[in-house]
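Read off the chains here:
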Amino acid sequence: MTRHLRKMPLTALFGFAVIFTYACVAIFAPLIAPYPETAIVGPEYMPWSDEFLLGTDSLGRDMLSRLIYAARNTLGIAIATTLIAFILGCSAALFAATMQGWVDQVISRIVDVMMSIPTLITSLLLLTIFGTSVLNLILIIALLYSTVVFRIARAVAMGIVVMDYVEAARIRGEGMFWIMFREVLPNAATPLVAEFGLRFTFVFLTVSALSFLGLGVQPPLADWGAMVRENASLITFGDLTPLLPAGAIALLTLAVNFIVDWMLHVASGLKD
Amino acid sequence: MTQTPLLTITDLVIQAQSDDGPKTLIDGLSLALNKGEVLGLIGESGAGKSTFGLGAMGFTRDGCGFASGSVIFDGIELTQASPKVRRGLRSTRIAYVAQSAAASFNPAYSLIRQYSEFPVLAEGRDRSAVEADAVEAYRRMHLPNPEDIGFRYPHQVSGGQLQRAMTAMAMACKPDLIIFDEPTTALDVTTQIEVLEAIREAVREFNTAAIYITHDLAVVSQMADRIMVLRHGNLVEEAPTAKMMSDPQEEYTKSLWAVRSFKAPAKPLPDAASTPLVSLKNVTARYGPAGPDVLQNVSFDLHKGRTMAIVGESGSGKTTSARCAMGLLPRSAGDVLLDGVSLPPDYHKRNKTQLQQLQIIYQMADTALNPKQKISDIIGRPVTFYTGLRGRARTERVRDLLSAIDLDPNVYFDRYPGELSGGQKQRIGIARALAAEPRVVICDEVTSALDQLVAEGILRLLVKLQQDFDLSYLFITHDIATVESIADDVVVMQKGKVVEAGPKDQIMAPPHAPYTELLLSSVPEMDPGWLDRVVQKRALG
Amino acid sequence: MHAVLKMVVQRVALGVLTLLVVSALVFISVEFLPGDVAEQILGQSATPETLAALRDQLGLNTPPVERYFDWLGGILQGDFGQSVISQRPITELLAQRLGNTLSLALLATLISVPLAVGLGILAALKRNTWVDRTINIGTLTAISFPEYFVAYGLILIFSVKLGWFPSISIVSGTVTFAERIHLTLLPALTLTMIVTAHMMRMTRASIINLLALPYVEMARLKGASQRRVVVVHALPNAIAPIVNVIALNIAYMIAGVVIVEVVFVYPGLGQLLVDSVAKRDVTVVQAACLIFASAFIIFNLVADVISIVSNPRLLHRK
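Chains as they are written, first to last, in our numbering: chain A, 1 to 272; chain B, 1 to 541; chain C, 1 to 318.
Simulated from the structure, these hints should not be mistaken for lab results. Do not rely on the hints blindly, as some may be mistaken.
What the hints assert, rightly or not - Each pair of labels, with its calculated beta carbon distance range:
id, chain 1, residue 1, chain 2, residue 2, range
1, A, Leu264, B, Asp20, 48 to 54 Å
2, B, Gln467, A, Leu264, 47 to 53 Å
3, B, Arg127, C, Trp130, 40 to 46 Å
4, B, Glu525, C, Ile208, 32 to 38 Å
5, C, Thr176, A, Leu53, 46 to 52 Å
6, A, Gly60, C, Ile168, 23 to 29 Å
7, B, Gly291, C, Leu14, 20 to 26 Å
8, B, Ser158, C, Glu31, 55 to 61 Å
9, A, Ser108, B, Asp271, 50 to 56 Å
10, C, Leu110, B, Asp346, 54 to 60 Å
Said to hold, decoys possible - Incomplete in silico selection of chain C near chain B, CB under 8 Å:
id, residue
11, Gln77
12, Ser206
13, Pro214
14, Tyr215
15, Met218
16, Leu221
17, Lys222
18, Gly223
19, Pro236
20, Asn237
21, Pro312
22, Arg313
23, His316
Note that beta-carbon positions come from the ideal geometry of N, C-alpha and C, so glycine has one too.
Can you build the whole structure from these sequences, using the hints too?
Here it is, written out as structure tokens:
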């Protein structure tokens, strides 16, 4: 393991550095941000200055502070959603792979139907019905992405379940929980961890996209996707400002992708 | 008059790149091969046979390269030659026959299309003339329907036929040298014999030089004029076949030859009136309610303390019968009795005692042990599960079991399977079965995936454990030599039916049932004249 | 019946079944609304009498199953019902916009597919060289970007700074073909960038897997040149995986189109959908979702059928 860490390519190192920075910003937001999240501190659309390092937004709030606080909100939502999606998807997958038979068939068919509509479309439909609150957002996206997690976790689990050592445990008379959690899960951990990173990026992008469309985090809370929308008109004046929150999203996704790419490379044992 | 050898290899070193620096696969090998000569290259897995064979054509796999030495084919130095020159030699002067024909034929093209690819491309011949040649070649290989078979696709043709089609393809441009890389290893004995015959005829007819790579001693003695023994990339011994067979010099060579001489001590015949320990009576089984029967009316008895070998080729139903006995495949008719008491068809319905008394050891040790569990847990869990021992008592028991399988408990207690060799992993599989304190152990091809020497060690261990723990074995195998070695009773199976059953000496001696005759006579013997004799005999009878 | 034909028919049947199930789900989801469509339409001015009258008029008093079949029947004849907000027939709203979205998607596909497949094959052949590594980092970067980041970035460069293209793509019915291309190029490029990156990575992975197979090594051992190995031996077996990759990405594009249309204010189905969601115009949302879902299902169906038909094991029976 340490051997791999030493030979990490620059891209992965970059990725870890970025993630660490974001984590610090999110955790220590109140200590870092110069101004409060939702307070109006000056005139609207001020350019970058010493007083407001990144200027003010459409209502006169400090851009930099909002960017910092948004790290908390956006990341928090994305992580919570990914975790729920994972727990849901992995449990269902382990269950289906261990039980097999009609249990597996029924769950797989349900997942197939859920996956036959693009995620964004379904979330738009469901948000119309149930209303756009942060909780709804988290639950709906988690449910939808649990289907992808299910597919992948099931594929991994199915590969393990046919192994002789699982059969040996079965004919010993081991119960379902033992087989799921002591025989199958330890061998599924590595591919699933990489998958977690990958799913996180998709969840993150989808949550931000919905916020960008006005359907996610509601004002006055700061959220990167919503901030792009709030300040979009500035683009026509050649002002970079709307690109900042968008860039924050892009940078984090890039960092995670670099790390996942490296993990997959190591796991597949490819020779360079 | 000495002729210049066709192929001269001098001190060849092939290395592979790895994270820890270059790894030597071939460590300074030399050979001289004359036109029309057949060289047998023999060794265990990892000896470097394939790498050397490919090296003889000037080819190295991704990540490998020629570190030093020379390979001179008809005056051309292959290690220095440009890729273009090396490519130009392939198919036309040097050809290769792969181990798995099924994987080496392109699924998108017909056989004949692949046959004619290089005669047309490299020699500029006319396609229809080449295709006529192909039909002749298929006829020489004794393939059924030679006129039509070429137009089939690889997945429509059986393994043995594909292997012969591949040999025919290799000869399409009448090359000077063919490299055969374990061409019959994946085939059943009865198919193997046809392929061996075809290869030998073809090589003789065109006076082609050949390098024949295999791990099977008896096969190499049929095909080769000279034999080279490889181990870990080094040459152990080289001699003409007859001399090598009768008078090997090196210890390692002798140990390879001696493998088949282990014989378990004979046991007295069981009392015919006593209840067999395990009994299958008219067992029929199928996969799924509408599938064909995979077992039909299978009956045999295993008496206490004896080893019963269930022998047959692939698809014979030998493993399936065992799985039926274990309850993994519920039988659709018939009965399975343990000590006279009927066992439920499905293992879910069996009680703990019943499950305990019947244990199984798997063929592939890699998939039989959970890589994320320590040895102490792999063996310890059944101990706790069946005997209830925990804590110190359990540790003691696990250590005793490790000693019983000849592995030092101090070394192996905390190891993971990934740190063990194939033979050691198989021993752990045995210990796991023993942990349950069973009466019957089913050994499912437990030595088939192991090298000869390691396999012999496992067989000796099993015999010893049988005496120490009063075990009875159902030993599934396709290898006749193993049957001779350790079986007391034999069941011969073919296509889901029992052909013959009885004490070993009775089954292995004539008169035989026709299929048994076919099976036994297809097993290569360590006598260079064996193949000729069998071919002649079959041509007559 | 020939194995291939049988499998194709089975797959098509499955596709039709999925479409029906999805349409039912889309229909049922509306039932979860607190209150019903009539309350939505009348809003604040609803009284019990007006509600009852409107419900009668809209046929809301019939049982749900019957209403479902009425709705489905209507759709199959081209009638998508009425907008809750504007009372106008939805079919009118859809027609023009569907055409716009399709032309945008088509333009993006025409650019991205050849580019992605070509680059993917190139990267696979030149595996682990600097060419491959550069392409790898490039595509990894592209797939990390949200669509609006790329969109606003392109607008900033090509629209504001360079002035080559408009930042808003109002395409009406009266534009010429050339004008249409000019207006839709930036949105199409946005879509292309990200989709190409995904497709290229997947193509590269499939080709690498293919090149590791034994029969490819066999081709080299027979003396085939690298070019011949790839073109004659590998490519015919690569059709199925590559087609799958393309279909997967069309699916991805369907989601991306929504964002792109919003950024560029492009009058397509995606923008209609988002507007309707904001206004809670349920019936329009239903209709638009159904169309997107159907497109997705049909593309996957076509991809699967092509996979089946190009599989030599199925084409030539045992």
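Outcome of the hint check:
Against the hinted window of 48 to 54 Å, the Cβ-Cβ separation of A:Leu264 and B:Asp20 comes to about 22 Å, which falls outside the hint. Here the CB-CB span from B:Gln467 to A:Leu264 is close to 51 Å, well matched to the stated 47 to 53 Å. Distance hint check: the CB atoms of B:Arg127 and C:Trp130 are about 42 Å apart, consistent with the given range 40 to 46 Å. Look at B:Glu525 against C:Ile208: about 46 Å separates their beta carbons, and that is not inside 32 to 38 Å.
Taking the beta carbon of each, C:Thr176 and A:Leu53 are about 47 Å apart, inside 46 to 52 Å as hinted. Under the hint 23 to 29 Å, the C-beta atoms of A:Gly60 and C:Ile168, about 27 Å apart, fit the expected range. Range check, B:Gly291 to C:Leu14: about 24 Å between beta-carbon atoms, so the 20 to 26 Å window is met. At about 58 Å, the CB distance of B:Ser158 to C:Glu31 agrees with the hint of 55 to 61 Å.
A beta carbon spacing of about 55 Å between A:Ser108 and B:Asp271 agrees with the range 50 to 56 Å that was offered as a hint. For C:Leu110 paired with B:Asp346, a C-beta distance near 58 Å keeps the hint of 54 to 60 Å intact. Taken as an interface hint, C:Gln77 does not check out: its beta carbon lies about 43 Å from the nearest beta carbon of chain B, beyond 8 Å. Evaluation of the C:Ser206 hint against chain B yields a violated restraint, the C-beta minimum of about 15 Å exceeding 8 Å.
The restraint placing C:Pro214 at the interface with chain B holds, with a minimum CB-CB distance near 4 Å, inside the 8 Å limit. Interface restraint check: C:Tyr215 against chain B, minimum CB-CB distance 5 Å, threshold 8 Å, status holds. Of the supplied interface hints, the one on C:Met218 holds, with its beta-carbon coming within about 4 Å of a beta-carbon of chain B, less than 8 Å. Here the hint on C:Leu221 is kept, as its CB sits about 5 Å from the closest CB of chain B, short of 8 Å.
Annotation: interface hint on C:Lys222 holds; nearest CB of chain B at approximately 5 Å, less than 8 Å. Hint status for C:Gly223 relative to chain B: holds, with the closest Cβ pair at about 3 Å, below 8 Å. Interface restraint check: C:Pro236 against chain B, minimum CB-CB distance 4 Å, threshold 8 Å, status holds. A distance limit of 8 Å between C-beta atoms decides the matter here; for C:Asn237 the minimum to chain B is near 5 Å, and the interface restraint holds.
Annotation: interface hint on C:Pro312 holds; nearest CB of chain B at approximately 5 Å, less than 8 Å. Using the Cβ-Cβ criterion of 8 Å, the hint placing C:Arg313 at the interface with chain B is satisfied: the shortest such distance is roughly 5 Å. At a threshold of 8 Å, the smallest CB-CB gap from C:His316 to chain B is about 5 Å, leaving the interface hint in force.
When held up to the earlier numbered hints, the structure conflicts with 1, 4, 11 and 12 and fits the remainder.
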